[in-house]
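Visitor: Using the sequences and the hints given, assemble the complete structure.
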Amino acid sequence: MLYSTSGHGEARYRSISVARTSAMVLRYWYLLRSSWPRLLELVYWPTVQMLMWGFLQLYLDEQTGFVAGAGGVLIGSVLLWDILFRGQLGFSISFLEEMWARNIGNLMMSPLRPGEFLAALMAMSVIRLAIGMVPVTLMAYALFSFNLWSLGLVLVAFFVNLILTSWSIGIAVSGLVLRHGLGAETLAWSIAFLLLPLTCVYYPVAVLPGWLQTVSWMLPPTYVFEGMRAVLIDGVFRADLMAWALGLNALYMALAVTIFVRLFNQSRRVGSLLSLGE
Amino acid sequence: MDTTVAGAPRRPAAEAVIEVDAIIKSYSGVRAVNGISFAIPRGSVTGLLGGNGAGKTTTIAMIMGLVLPTSGAIRVLGHDMARERHRVLHRINFESPYVEMPMRLTVRQNLTVFGRLYGIADVRGRVAELAEALDLVEVLDRPSGKLSAGQKTRVSLAKALVNMPEVLLLDEPTASLDPDTADWIRTRLEDYRRERGATILLASHNMREVERLCDDVIMMRTGAIVDRGAPDDLIERYGRDTLEDVFLDVARGRSATPVE
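These protein sequence lines are chains R and C, in that order.
In terms of my numbering, the first sequence is residues 1 to 278.
In terms of my numbering, the second sequence is residues 1 to 260.
If you're looking for bench data, these hints aren't it; they were derived computationally from the structure.
Don't take each hint at face value.
Taking beta-carbon pairs under 10 Å as the criterion, some of the chain R residues facing chain C (in silico) [claimed, not checked]:
{"hint": "1", "residue": "S17"}
{"hint": "2", "residue": "R27"}
{"hint": "3", "residue": "N106"}
What you are looking at is a predicted structure, and each value in this text was computed from that prediction instead of being measured.
Just so it is clear, CB atoms sit at the ideal spot from N, CA and C, and this is done for glycine as well.
Guide: Shown next as structure tokens:
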């Protein structure tokens, strides 16, 4: 029956709903499950990166007695960079799936609230990251004897700070795509790469010219990569660096949410939610 | 500017489920909707008619809260759609051929996701009910992207009815369907309206569809309401044989023949 008094179709109002967030996670899970190329891609690029930097580190270690070689700094750097980059990509791709499927109108007309949608995208970024990164960290251990998991709670601190940064970028980029359509899609793929030189993934901040160091210290991942070098080279955990990163992340997250809300409201004013093409 | 047409049936405000009050929508200085007002009573089917660029889709988008009016107010089921649409979205739904369901997900998966988004108590039971009523049982486990146009429309309709909405907004619900399938969809809409007592606002270019489904028709041209009335009344007022002739008169700027 289209209308039924059986109670099957009774809809209930909830101001904030975990069920709506989990419905969106389920939607992305169905999508991942239906496409093995999507699943393969999650593992493919992190594997390529890890192999390239792993072998480079072996070569440097053998040829030059590379000071950081024993600590596995290069492999550590690439794995942590992938948490940042793939975390953001996981967030943004899930969002873009809605644009590609022309499903945004259905979602925006459903009781799903923007905060619940963003929460689902965050959950998906972690799920996609886990599918891609866990096998790669195990391969790094098998091939190069680098055990990322041995960092224990330090890894948790690194992960939390990197994933928070990735979500901030993902939220801001999603706002831009909502407002400007798929013409802004390129940002989702490229914006994180700006952080690659600035956050000193593969070298210490001291290498940068003075003025650029100031810029670098304004970015939360810089503290994580410096912290990682402190652990792997000097054997010291720098809690102060993690606290700074967390503080900056809180600031950037607030900024990203503000940008998203403003762009979402702008989209409603200019009518771009109706014409989300290029 | 209130463009409510003199002589058109006015209904008491208390009955109104959708209230549109003097809304204007401008894009870069161009007025897409120019100060229209109307109220739609509970349980009625109202057609929104007009040529391309008349402002129908923008009006429906503003009623849904997807587009904010430049000025004026819209209330649906008593709630302001600019500020508190979240309070009412679980009681309304829409269907449009310009919005699609995710193509890689199966019909069952899509309906399950939307059932959960709408907070349906028994999603599995509701999906089964809809599949049976809309003849979707055999395609429930097929990807939505692999369905025919008619099947896709039925799936979109199932999505639109998943929460048994009190208010249903339909934008060209039978566009690009063959006459048989379109007729089948119209019958289902009539069934739903009768069973649920739902209020339906329908934008369409299909005059026979509007004549068959609608109690009341709002005619729009260049962002303004130029006439309103029951299909038979409009046909009589314009001295025409069909609503299509009335539509052509309105689209070409001709007024109704004065009633002696």
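Visitor: Now tell me, hint by hint, if it's right for this structure.
Guide: Verification of the hints:
no.	hint	verdict
1	S17	holds, 7 Å
2	R27	holds, 4 Å
3	N106	holds, 5 Å
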